[in-house]
Amino acid sequence: MLCQRNSVGLSDFIRTTEERHKQAVEAFWTRLTESGSVYESSYSGWYSVSDEAFYTDWEIVTETQQNSGQGRSAPDQQVTHVAKETGHTVEWMEERTHMFRLSAFKPQLHEWLDSGAFLEQAEAQHQWKIKAHEMVDTARDISLSRPRSRLEWGISVPNDPDHVIYVWLDALINYLTVTGFPWSKAKSFHAVLWPALLLAVGLDLPKHLICHNHLLVDGIKMSKSRRNVADPFDEQLALSPVPPEQLAVPSSDSEGLRYILIRVTSTRLNPSQSVVRINRTEAGALFEQFKEDAELLNQLDTLAEKFDNSWWVQAQPHLAIEHVLQVIRLTNAMIDRHKPWEKNPAVESEHVIALAAESLRLAGLLLSPVIPNLASRLLKRLGLGQALEDPSDEQLPHEKLFWSLGPDQGPLVLRLP
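Using numbering that gives the first Met the number 0, the letters of the sequence shown correspond one by one to residues 0 to 416.
I should point out that these hints are in silico values taken from the structure, not numbers from a laboratory.
Treat the hints with caution; some may be incorrect.
Unchecked claim - FRET-style restraints, in silico, Cβ to Cβ:
#: 1; residue 1: I219; residue 2: D307; range: 13 to 23 angstroms
#: 2; residue 1: E347; residue 2: L214; range: 47 to 57 angstroms
#: 3; residue 1: V228; residue 2: N173; range: 18 to 28 angstroms
Don't be surprised by glycine CBs; every beta carbon is placed ideally from N, CA and C.
All chains, full assembly: derive it from the sequences and hints.
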């Protein structure tokens with residue numbers, strides 16, 4: 000339901016209880032043990048029942064609480080150990096387990112991290128790379144299984160029914176399950192552990208790794224066990240004030256989209272309800288008419304390329320979005336400058352409408368992954384709804400001198416109460 004409401008499509012949906020996933024996990028484990036990367040040992044560490052995870056000494060903190068009203072025999076202080084990341088209580092535990100030789104892959108992991116795995120054009124990704132190297136340096140062999148007596152659910156370790164394969168290894172192999180593995184022919188996980196596991200079984204490493212921060216609630220990462228996860232269907236939450244700098248598309252810019260669309264679809268300014276196509280051969284004359292709008296014309300010409308470069312090469316989607324929003328602002332300025340609702344012999348109003356429509360067309364296509372519902376309504380109103388199925392320039396009717404707008408479907412952006 001959440002995916003449908005946000006126009007998100009799924010190429011595959013998998014549950015870890017499916018038989019195909021069980022087969023993939025068992026095949027991966029078999030390859031792992033055959034490579035000599037798994038051994039049995041006694042494992043000890045700080046364990047959190049809530050997180051179902053072991054922590055190292057540097058990942059926990061000691062908290063001291065004063066006791067009161069507990070009687071003379073009670074100690075004055077109570078000492079507890081908690082995980083830094085989650086705040087959950089941990090306790091020292093020791094048990095027999097299957098261990099992965101993570102430390103054996105440190106040289107190869109460092110080499111991979113330096114081979115272009117991080118898109119370092121973005122400073123943030125460069126800092127993530129430094130952090131990843133630090134995590135590799137401090138990595139130690141890690142437990143792959145849990146005793147079934149303590150963790151009943153899970154996939155059994157092949158040839159050892161008293162142990163189950165631990166949940167994070169089970170979950171990581173989802174990446175392979177959806178590809179059909181075994182084929183007939185969280186950052187520390189993804190930057191250190193997962194690539195080491197792939198190396199151990201002889202599979203190719205990811206070509207790139209893009210890291211991002213978590214959204215926090217009261218300074219704590221969202222967690223089902225803490226019940227502090229935001230409800231995506233909470234309408235009150237959706238209408239709550241959000242700082243402008245945290246919005247993917249600020250309200251002022253969504254208003255800008257609405258303003259341009261009103262001008263393009265106005266029956267007074269555009270009685271034919273169509274948009275004139277401007278061919279490349281007419282570009283020179285267009286530049287002559289719109290000398291003051293040279294920046295807009297240049298940005299329209301390079302927008303798609305800059306958008307792709309910022310999003311996919313620099314791994315900075317917020318900059319990609321900003322390129323589109325800048326075009327929207329320039330388009331609004333262009334409309335206000337030329338005032339198509341007034342007679343202007345120097346500039347034809349149909350060309351103002353055409354430039355504005357081109358800005359909307361590109362915005363609708365490029366922002367469709369960010370604001371899918373709004374982008375879809377925008378393109379349909381422009382008469383280009385089919386462009387979402389194949390967002391190529393060939394979707395525009397080149398053989399015609401104009402294209403017709405789509406039917407009025409109501410306001411593009413609704414004002415909040």
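Hints versus structure:
For I219 and D307, the Cβ-Cβ distance of about 36 angstroms falls outside the hinted range of 13 to 23 angstroms, so the restraint is violated. With their beta carbons about 48 angstroms apart, E347 and L214 fall inside the hinted range of 47 to 57 angstroms. Our hint of 18 to 28 angstroms for V228 and N173 holds, since their Cβ atoms are close to 20 angstroms apart.
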